[in-house]
Amino acid sequence: MDNLGYLMDGFATAAHPQYLAFAFLGVLLGTAVGVLPGIGPAMTVALLLPITYSLNPTAALITFAGIYYGGMYGGSTTSILLNTPGESSSMITALEGNKMAKRGKGAAALATAAIGSFVAGTIATALLTFLAPISADLAVKMGAVEKVSLMVLAFMTVGALLGSSVSRGLSALAVGMFIGLMGVDDLSGQMRFTFGLPVLTDGVDVVVVAVALFAVGEALYVGALMRRGPQEVIPVPEGWRTWMTKDDFRRSWRPWLRGTIIGFPFGTIPAGGAEIPTFLSYATEQRLAKGTAKAEFGHGAIEGVAGPEAANNASAAGVLVPLLTLGIPTSATAAMMLVALNRYNISPGPLLFDDHPDLVWALLASLYIGNFLLLVLNLPLVGLWVKVLQIPRPYLYSGILVFAGLGSFAVHFSRDDVLLLLVLGIIGFFMRRYGYPVAPLVVGLILGPVFENQARTALTISQGDFTTFVRSPFAVVVYALLLLMLVGSVVLKRRERALEARVAADRPLEPTG
Amino acid sequence: MAGGVLALGVYALVRAGSIVEPTTAAGAVGPRTMPYLVGALLVVTGGTTLVQILRGRRGEAEGGEDVDLAGGTDWLTAGLLAVCVAVHAFLIDPLGWPVAAAVLFGGAAIVLGARPVWRAVVIGIALALLVQAIFAGVLDVSLPPGPIFEGVSILGG
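Chains as they are written, first to last, in this note's numbering: chain A, 1 to 513; chain B, 1 to 157.
It should be emphasised that the hints constitute simulated quantities derived from the structure, not laboratory data. Errors might be hidden in some of the hints.
[To be verified] According to the in silico footprint, chain A covers these stretches of chain B (three or more CB under 8 Å from chain A):
#1 32-38
#2 47-55
#3 82-96
#4 111-123
#5 126-138
#6 141-152
[To be verified] If you want the ones that stay clear, here's a sample from chain A, every Cβ over 12 Å from chain B, calculated:
#7 L7
#8 D358
#9 Y436
Just so you know, even glycine gets a beta-carbon here, dropped at the ideal spot from N, CA and C.
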């Protein structure tokens, strides 16, 4: 059966008015929450999880696809219009985007980000559509040993490659795995690490952990270190017809395509996040820039927004390949998508395409639709997003706390989950305060138990022989790749740090008080 | 923090030994192996971080849109926010979700500096009722309405 036919079926499902409404809702909510400062796409999905409790799986997934892409997009608006970089993936966009906004070219920056996101998102989604079934076919043939090797790869890249400190990233990963161990062991039925508390017997719900770390931790952290005094939002001129000049288009289309090509592969390999591809895209555009563009780099060059923003969105689509076909999340946001899927007893993996074809293809189709909706929504609605940016911070973070409480309470309708939320939220606070990344913890928590099951299965088959893990050629290739990536990342990170230092030196200190 | 990771690792290693290994385990590897592995990882990474800190390489606090790293840490605000969440948790059962949520929102907003105070309270009550109406009334998420709103159907009572 050709996948195109399946995709058409998917479109037929997704185009159903009811589902179209959900896609619309997801995109709108995702963008709105993504625009809000302090809330990244992962937290957006975490906070909006309770909304889907009473939806059917297809509707919920379509909504989440919208939230996922919308959240990604919303972040770029914030980084262009606010005077500070947000999460690491949109930091690169802020470099040139914010300078463009200051020079009165904010509209062009927003437009190139929006259209670039659309172009990259559409191409990447198309690649996803054709790659995912192939990858799923491959994945079906994988045994426990191969899966273990892929998970080791995911652990190491998410834990060691992201964030500035390797030991802290791996610490967070280990803490996540520890939390994943709590409760009853699936295979033997033994209790592990419950501290004698009955709440922990069933283990800790992933939703509670994620909401605690992303939402409560952030709210406490911002509470303790709140920026005093008003934030400066750069005004955007009205009239969206004159947003991008012909010249802007001429300068943007190549970076869009290059960004897509750089971003997508980085999303598909379990190397996690959009940080590296956005940086690579920026570096590429900077090197290729000629004439005026070259002079403008560092002072608001449109190429520096178009490329990284495309790379960001392309990698967001690429991340869905390992997520849907292997069940391996490679970013915090993907981890949250996995949680959302698990809510419906759908476990992503090679069998997903066989077991739930209608659902997968409706999801893929709704990604195209969501992407289109984003393009249509974002340019005309920018005035609304600017208002969203100006919500008074006390109300914003109080609201986040209320929804975090709601999300964790709704898991079991138990007070104890809310208390657990608080405890984990305080851990999240200290992690932020002392430079521990949060994403590895969530990935460790979700993948840890899967990893244990697969590893034990592999060892059972080999009758306890640990060399089974390096007997498979596929696994050996994966480990070799991992080694290569670790070496490569050291080089990349040095260059990125040099760039960051340069940018930090350029940015004037803001008045506080 | 690094010390905490190290301590958790030691705890994991010690406690892992007391997890009962069923003698008739189907697999060659029982429920203890993974805890040992995780414990070891915790000890190694916690220890490494600790050594780095002692050598003067401190962690960088995370930046963000609403964060000003130059201003110093205001522990009181963070502590009071945590208290608000705790109070919220203990109010859900006796007074119902809307009241508990209004207290959390109002309390947190005031702690974070919302003025005038009455506006924070009013917004808190309105938001709590709205969320209750949407989730309990429309979406059938069974949030307890509490004694005050018992029997109010649009609030799921």
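Annotated coverage of the region 126-138 of chain B by chain A, confirmed only when three residues or more have a Cβ within 8 Å: holds (count 4)
Within the region 47-55 of chain B, is the number of residues with a Cβ closer than 8 Å to a Cβ of chain A three or more? holds (count 3)
Verify that the Cβ of Y436(A) lies farther than 12 Å from every Cβ atom of chain B, and report whether the claim holds or is violated. Non-interface label fails for Y436(A): nearest chain B Cβ at 7 Å, not farther than 12 Å.
Chain B versus L7(A) - minimum CB to CB distance exceeding 12 Å, so not interface: holds (31 Å)
Establish whether the coverage given for the region 141-152 of chain B by chain A is satisfied; the threshold is a Cβ-Cβ distance below 8 Å, and no fewer than three residues must meet it. holds (count 4)
Is it correct that the beta-carbon of D358(A) has no partner in chain B closer than or equal to 12 Å? holds (24 Å)
Test coverage of the region 82-96 of chain B by chain A using CB-CB distances below 8 Å; three residues minimum. Our answer is that it holds, as 9 residues pass the Cβ test (under 8 Å) against chain A, meeting three.
Per-stretch coverage check for the region 32-38 of chain B, three Cβ contacts closer than 8 Å to chain A: With 4 residues in contact (Cβ-Cβ under 8 Å with chain A), the coverage given for the region 32-38 of chain B holds.
Cut-off 8 Å, C-beta pairs, minimum 3 residues; does the coverage of the region 111-123 of chain B by chain A stand? It holds: at least three residues are needed, and the region 111-123 of chain B offers 6 whose Cβ sits within less than 8 Å of chain A.
In terms of the numbered hints stated before, the structure departs from hint 9 and from no other.
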